[in-house]
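Residue numbers (numbering that gives the first Met the number 0), protein chains in the order written: chain A, 0 to 564; chain B, 0 to 218.
Among these hints, one or two may not hold up.
[Claimed, not checked] Restraint ranges, calculated between C-beta atoms of paired labels, are given here:
#: 1; chain 1: B; residue 1: Pro212; chain 2: A; residue 2: Phe25; range: 44 to 54 Å
#: 2; chain 1: A; residue 1: Trp486; chain 2: B; residue 2: Leu46; range: 57 to 67 Å
#: 3; chain 1: B; residue 1: Ile167; chain 2: A; residue 2: Thr349; range: 38 to 48 Å
[As the list claims (entries may be wrong)] Here are the simulated lysine-lysine pairs, DSBU-like style, with alpha carbons at most 30 Å apart:
#: 4; chain 1: A; residue 1: Lys296; chain 2: A; residue 2: Lys554
#: 5; chain 1: A; residue 1: Lys200; chain 2: B; residue 2: Lys189
#: 6; chain 1: B; residue 1: Lys182; chain 2: B; residue 2: Lys50
#: 7; chain 1: B; residue 1: Lys182; chain 2: A; residue 2: Lys16
#: 8; chain 1: A; residue 1: Lys16; chain 2: B; residue 2: Lys189
In case anyone wonders, no lab produced these hints; they're calculated from the structure. Glycine included, every Cβ here is placed at the ideal spot set by N, Cα and C.
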Amino acid sequence: MENAASQSYLNSHTSPKWTTGFMSWFMSTDHKRIGIMYAFAMFSFFFAAVLLGFLMKLQKMYPASSGWEIIPVEMYGSFFTLHAIIMIFLFIVPGAPAVLGNFFLPLQIGAKDVAFPRVNLLSFWLYLLGAIMAVTGVLLGGADTGWTFTPPYSINTKTISIFGIAFDSISWMLTAAFILGWGTILTGINFIVTIHRMRTKGMGYFKMPLFTWSIYATSWLQVLATPVVGITLLMIVIERIVPVGFFDPAKGGDPVLFQHLFWIYSHPAVYIMILPSMGLVSEIIPTNSQKPIFGYKSIAIASCSIAGVGYLIWAHHMFTTGMSDFAAILFSFLTFFVAIPTAIKVFNWTATLYKGSIALTPAMLFALAFIFNFSIGGLTGMFLGSLSTDIHLHDTDFIVAHFHYTMFGGAAFGLIGGVFHYFSKMSGKMYSIKWAKIGWGFMFIGFNSLYFPMLLLGYYGMPRRYHTYPDIPIFNQLQMISTVGSWILVTGVIIVLWVWLHGLFRGKQTTEQNPWNSSTLEWQTATPPTLFNFEEELEITRDPYDYEAFRGEVKAGTSIGADHV
Amino acid sequence: MSELAHPIEHHHDEEGTRLGFWLFLYTELFLFAAFFLVYAVYRSSHLEDFKLAAESLNTGIGAVNTVILLTSSLTMVLSLDALKKGAIKAAKVLLMVTIALGAAFLVIKSFEWGAKFEHHLFLQTAKGIAAGHGSPLLTPGEEMLPVGQVLFYGLYFIMTGTHALHIIIGGIWMLVVLFWMSKGSINQEKPGVLERCGLYWHLVDVIWIFLFPLYYLVA
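Generate coordinates for the entire structure from the input sequences, incorporating the hints supplied.
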């Protein structure tokens with residue numbers, strides 16, 4: 000009989016002896032199992048929130064005068080709050096680090112696990128607890144404060160009482176966000192220590208794959224920024240319970256101070272969302288071009304400078320709050336500054352494609368869509384970073400379209416592409432490549448026809464968060480295109496999720512170790528990986544994306560390439 | 000299905016754990032940093048009220064508590080030093096003294112809080128809750144504190160309260176460490192847990208060193 004450590008992680012585990020089946024996952028400290036559990040939880044929440052978004056777009060199909068009403072006005076507020084809370088706190092902030100970071104960070108640096116496996120499991124439990132609290136909170140009491148919880152609205156809003164019990168769902172959800180925050184902080188600490196202490200022999204910092212670099216930058220942001228928002232949200236809870244006016248102007252508080260404290264976290268948080276997906280794109284593109292990535296070091300350093308500068312530009316969310324002109328100019332300048340490392344990355348990716356041998360795998364299609372969507376998202380961000388245009392575009396659909404281009408068209412497309420890239424390594428099964436490409440087609444077309452009209456709508460003055468709109472021809476036409484786009488997009492999302500589930504349960508069994516012929520370390524192990532990842536001690540001698548050397552190794556038989564090469 | 004012991008949990012990396020713990024301490028510090036920022040902003044916008052309210056705090060009691068906490072930090076370091084030299088018994092006694100000092104701090108603090116409750120804020124708080132969220136503090140005709148002073152007391156209670164919560168967590172942790180020291184799993188060769196417990200305790204101490212002047216001394 001084989002040694003248990005050389006079996007696939009799906010069949011052997013490190014959980015307590017009495018656990019079997021579900022519990023052997025739920026109690027597992029194995030980074031791979033934790034990553035898979037995050038994936039199931041997160042994509043379920045993602046799908047639920049997509050459906051909320053679908054309903055909201057349906058509501059916007061016809062103007063108010065037509066009498067069209069799918070969602071009553073009070074519920075609309077609760078819907079977009081819930082949509083945002085699920086998408087932000089439960090899906091895209093834990094996002095790629097929780098799913099693919101957990102699974103592939105140790106594999107990419109040749110470690111057996113993360114530095115603190117038990118703390119890693121605790122992070123997952125905190126995530127689940129926070130998620131359950133947030134969702135039950137909204138379902139029981141409703142909350143239409145928006146995900147930003149801006150006072151004094153979030154302090155004065157009364158919540159619905161259900162079954163005659165006064166249930167303060169807003170405090171409940173704020174507490175949930177606090178708990179979720181601690182889950183993220185612990186994950187961040189865990190990854191930083193893992194990267195510092197557990198790289199295998201020969202893996203210097205500039206021999207790490209770029210996904211690891213992006214996780215490293217993200218983890219620092221998580222640790223540096225999250226505590227501030229945690230305590231700020233708790234202050235709102237306290238303010239709702241006892242009559243101290245931290246942020247309520249009627250009681251001497253300063254609501255703008257809240258916005259500063261909130262965005263000090265929540266702006267860096269957008270880089271927490273996007274950086275890991277940029278890392279995934281940096282993995283997918285060289286693999287599918289069979290070429291070293293252009294400007295490896297500049298991408299690694301760009302990740303860190305995005306994190307660094309991204310920490311200092313929060314107040315560009317607040318240009319209309321009446322803060323001083325000097326501060327506004329400074330924050331506007333820094334906002335433009337952060338575009339530089341971002342653009343460096345985009346140019347590096349496109350330069351990598353040049354003269355590459357491009358394979359349009361599903362992962363590659365999502366990575367290319369990422370570059371396209373993210374460029375639109377980033378450039379519209381420049382409109383908003385300019386003080387004068389921001390005054391015009393503030394709180395319109397333009398903003399909504401802008402951050403969906405970065406967060407959905409960017410971060411989520413990157414994450415989905417990453418899952419397609421790594422699917423067979425994680426599960427030992429292969430999905431239907433044809434259907435994956437069809438799903439991509441629907442998502443890409445649907446996404447752009449949903450959000451591009453919203454850029455125009457915002458420019459023509461359609462405010463965000465509104466339940467309906469007046470009967471103006473340009474509004475009617477654009478809203479109609481946007482709503483139809485949402486149908487195409489939802490179809491695409493359903494196809495993609497179905498491709499994954501079908502692949503998982505009905506897919507072809509595969510043990511092919513390196514199906515895309517990638518040169519990085521995580522592919523040089525069994526599919527699915529064995530319990531402690533690598534059978535023997537590794538020593539790294541070459542750069543992660545040195546395809547020339549990699550092809551030599553494959554010929555010499557020291558590395559594993561794809562079977563068909 | 001088969002089970003295995005986890006390799007990471009068996010090959011313990013002391014330096015990595017220390018790095019992780021320092022990062023954790025950083026997050027604790029930033030948690031309080033947000034409070035200090037709010038304090039600074041409202042102190043500048045309600046300067047007179049903050050001065051008046053600060054005068055009602057008893058500097059003597061605050062000073063006694065400061066001395067108690069500083070002494071407890073000293074006994075903590077001595078305990079770690081004794082453990083590293085192999086004097087387990089001395090280490091245990093010194094740790095018990097640290098716990099006792101922490102408890103003494105909490106007792107004094109609770110008396111101070113109790114007096115404040117009777118004085119101003121508790122009444123208003125209770126009325127605020129009874130009347131529902133966002134309602135005016137007091138019924139018409141009743142005397143009301145200026146908003147600046149309410150802010151001062153609110154921040155005072157929440158910051159010292161969060162600090163006291165940390166003292167309680169530190170105390171519980173020390174009790175656990177004491178238990179493990181008796182069982183022998185924390186010893187001369189493996190002092191790591193006591194060391195981290197000590198770091199945490201010093202952090203709590205450092206935060207108090209900033210709270211004390213901000214609330215008691217700059218009246």
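How the hints compare with the structure:
1. B:Pro212 x A:Phe25: 44 to 54 Å: 48 Å, holds
2. A:Trp486 x B:Leu46: 57 to 67 Å: Because 59 Å falls inside the window, the suggested range holds.
3. B:Ile167 x A:Thr349: 38 to 48 Å: 56 Å, violated
4. A:Lys296 x A:Lys554: 28 Å, holds
5. A:Lys200 x B:Lys189: Roughly 27 Å between the alpha carbons, so the hint for Lys200 of chain A and Lys189 of chain B holds.
6. B:Lys182 x B:Lys50: 51 Å, violated
7. B:Lys182 x A:Lys16: 24 Å, holds
8. A:Lys16 x B:Lys189: Distance ~27 Å between Lys16 of chain A and Lys189 of chain B Cα, so the pair holds.
The earlier numbered hints that this structure contradicts are 3 and 6.
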